[in-house]
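Trainee: In order, the protein sequences belong to chains Z and H.
Its first residue numbered 1, the first sequence is counted upward by one per residue in our numbering.
Its first residue numbered 116, the second sequence is counted upward by one per residue in our numbering.
If you're looking for bench data, these hints aren't it; they were derived computationally from the structure.
All figures in this text were calculated on a predicted structure; none of them were measured in a lab.
Positions of the beta carbon are idealized from the N, C-alpha and C atoms, including for glycine.
Heads up, a few of these hints could be off.
Some, not all, of what chain H presents toward chain Z, calculated at C-beta under 10 Å [stated by the list, open to error]:
(1) Y147
(2) F149
(3) L159
(4) Q160
(5) K164
(6) I175
(7) C206
(8) A207
(9) N213
(10) G218
(11) G220
Listed next, with one range per pair, are the computed distances between beta-carbon atoms [as the list claims (entries may be wrong)]:
(12) K173(H) / G3(Z): 20 to 30 Å
(13) E52(Z) / S199(H): 34 to 44 Å
(14) S129(H) / E52(Z): 47 to 57 Å
(15) P155(H) / I12(Z): 13 to 23 Å
(16) Q41(Z) / T170(H): 47 to 57 Å
Calculated from the model, a selection of chain Z residues having no Cβ within reach of chain H, i.e. all distances over 12 Å [unchecked claim]:
(17) I12
(18) Q17
(19) G40
(20) E52
(21) D63
(22) F65
(23) G72
(24) D74
(25) E108
(26) V114
What follows is each chain in one-letter form.
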Amino acid sequence: EAGVVQSPRYKIIEKKQPVAFWCNPISGHNTLYWYRQNLGQGPELLIRYENEEAVDDSQLPKDRFSAERLKGVDSTLKIQPAELGDSAVYLCASSSRGLGTGELFFGEGSRLTVL
Amino acid sequence: AQSVTQLGSHVSVSEGALVLLRCNYSSSVPPYLFWYVQYPNQGLQLLLKYTSAATLVKGINGFEAEFKKSETSFHLTKPSAHMSDAAEYFCAVLDTGNQFYFGTGTSLTVIP
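Next up, chain H with everything else stripped away, as it sits in the complex (with noise of 0.2 Å):
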């Protein structure tokens, strides 16, 4: 089975700061992988996916994570934080068996 970890719970930047989530999957055989916004009271939205296509991944809300399959890692990224990007942030991992992992996820907390 594969398993996803998030590394920090919660992280926390300032307003117009870099935002970086970490993501790490295990796997031998590149996944396809996702990232994943939940609002509060909300279900989740997809921000941007890895299909073995280009390793940089756009998504939305000037989102980008990078697939760095020597590091198994995804790691989410955007340069400058805005206050509307406070949420809860999930990694995910689909498998060859149709089954979907899920990290823990990350709390982002935007400070003005």
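Isolated chain Z, as found in the complex (with noise of 0.2 Å):
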């Protein structure tokens, strides 16, 4: 079975700037997570999705960041302008609320660098 799958791995831009990343969790998972991890830190909840609704983006500096969840699959996350402090690892994970306990499945992550 496939795993979570994230791209791009790694993303170098310039202050202001647009970048997107995108995410395609594991088939059957309708719950959906994006985490932000700076250096050294643990993940940082952005946004939770439910199928294709938002549930939790209490944390999502909806200023600058947006995401969207077309059909309760795929995801993508954007960055618009991006500044200095948005470099971090932005990971991705799903989960199945209807089987097992929940545990959050993640992906690889995309390193973001802003210059």
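Mind docking these for me? Both chains are given alone in their own frames, and the hints should help you get the complex.
Mentor: Here it is, written out as structure tokens:
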């Protein structure tokens, strides 16, 4: 079974430029999460989707960040314009509420460097 | 809201020695508890989970953790450290609202 797939793995941009990250969750997982992980820290939730509905986006900086999950499968996280402080690893994770205990399955992450 | 505390941001052990990584959570109701491991430039991988069954949970790579309700702890142990265990370890709690809370992580160094 394929795991959570993210792209790109690495992205280097100049400040004020836009950037987008894509995530394909594990098939059948209805819950999708975007986390931001700064160097030496734990993941911090940006947004959580249940199917196509964003049920928790309280930590998403909505002035520059946006996300969508069309059709309740793939998701895209966008930053426009990027700032120096956005440099981090952006992790996507998925889980299934109907099976098991809902543990998270993570992708390998997208490392963003803003110059 | 929940909080997860990992004591010791960096832990060093000799190869073959006992590994002990500490995790305490804040909750009056036993939640679901997890330990994840992260190798450099990779995502987080599940090591083990507590789901209110046995209090001693065995995971992959010889790791285990014991849930102690009275101490609100879920410490991770491994009897004998291996060089390949060097990584970042995260304790996490899943509350009844399907919200995950992560600790700040513990970086494990294994000295040959």
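Trainee: Which hint numbers does the structure go against, in order from smallest to largest?
Mentor: Result: hints 6, 16, 19 and 25 break, sorted rising.
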